[in-house]
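**Student:** As a plain string of letters, each chain reads:
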Amino acid sequence: MTDRKPDTGAFFTRDRTWHPPAYTPDYKTSVLRSPRRALLALDGTLSEITGPVFGHAILGELDNDLIHNFARPGESAIGERIIVHGRVLDESGRAVPGALIEVWQANAGGRYRHKKEGYLAALDSNFGGCGRCITDENGSYRFRTVKPGPYPWPNGPNDWRPAHIHFSVFGHGFSQRLITQMYFEGDPLIWRCPIVRTIPDRRAVELLIAPLDMANTIPMDARAYKFDIVLRGRRSTLFENRLDGN
Amino acid sequence: MTQDLTYLKETASQTAGPYVHIGLTPNASGITGVYPADLGSAMVNDRTRGTRITIRGRVVDGGGASLRDGLVEIWQADANGLYNSPGEQRGRADPDFTGWGRCACDGDDGEFVFHTIKPGRVPFKDGRLMAPHITFWIVARGINLGLHTRMYFPEEAQANTEDPLLLRIEHRDRVATLIAQADGNDSYRFDIHLQGERETVFLDI
Ligand SMILES: [Fe+3]
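Chains U and D are the protein sequences, given in the same order. Each residue of the first sequence is one higher than the one before, counting from 1 in my numbering. Each residue of the second sequence is one higher than the one before, counting from 247 in my numbering.
Calculated directly from the structure, the hints in this document are not laboratory data. Each residue gets a CB set at the ideal place from its N, CA and C atoms; glycine is no exception. Some hints here could point you the wrong way.
Chain U regions said to be covered by chain D (calculated; three or more residues, Cβ under 8 Å) [said to hold, decoys possible]:
(1) 63 to 72
(2) 107 to 120
(3) 133 to 147
(4) 171 to 183
Please model the entire structure based on the sequences and the hints provided.
**Tutor:** Below you can see the structure in the form of structure tokens.
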């Protein structure tokens, strides 16, 4: 717990030119799943400014350790051992403590543990592929996993996803809700990927690529990658009209 | 020259992809033993105050098919119109109601279901009361940025006609896309249409 007062301001307007548009025909599934009408714009009300909170009490000991959280006792997942860590900040640069981060990924061979997954790469009986953690008072998080493999997917005739970890993030308000993907420095598949290329601005893509972080690498054990996440910022309520009858 | 505005850019969204259930509802997707239960699967307990309701629905694409790989989250006030959130300054919400639910669309028929309570009314910024409503957030393969919308209640005709959000919908025939259908006692159906004639009104909030 901190003494910081809860934030109650509305969020900064989302820059929708920075995010991928809904309709991106080179990513074929978006064609039938993209709304075509204009969105109804609204400054956030209490229904979006508020949001659920998740206490550290929900976390099990191995929730942030994908190498071991599905493995048989004494065994571990196969693959390159890595640590992924970083901070969750808002657009004003302030730390976001208490943010819930949930991740999922393919195993080291590029195979997901899912009954509809048909890639011929082998399953790893010691790897489930999900993990979670909550940011500390400085907005920092970390988890341990194996580096996921790239995998082919049915889109164009020969499309491959770069190695990636899916991230779901809860900040302090429901309109901050975000799902994204983290990529790995140096992967030549990144710039060929139709999903990556749904993002119009190259700089926005670069911010999804985690650099190798030798400073935080544990010698003889695991390399580290650093991935910072930015959620929508919040206006100050200092000069906002107070609600009547409140 | 001026000083720089030093704001950071929000991390860009990427689709949740076809395997979002592995990460967000692992137990429902067959990955058991990692988490004791899927987050958001239980919104109420025996002590929760308010009228119990059930909401069922599907997310439908532009070809009329129900999404089977989608995921829906909801967020709502308690029976008195208070949010179970640190940002709630008007009072203390029912501690036996989380206000937040998450459900994977069914792998066969695409149906989602929430067992919750009917929310009370919440004030808009200017103090007018909004009609009872539930905030929805939808992600799936092919959806590049999560979609926000709201569900309103069919028996609240008067409150709905005064609702500040519903009043802002320019094409009045589209208001109906945000109003659930009664489906038996305290049970509702709310289908979300991503495209087409009945495209749901989605929000930029
Ligand atoms: Fe993936």
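**Student:** Determine for every hint whether it applies to the structure shown.
**Tutor:** How the hints compare with the structure:
{"no.": "1", "hint": "63 to 72", "verdict": "holds (count 3)"}
{"no.": "2", "hint": "107 to 120", "verdict": "holds (count 6)"}
{"no.": "3", "hint": "133 to 147", "verdict": "violated (count 0)"}
{"no.": "4", "hint": "171 to 183", "verdict": "holds (count 9)"}
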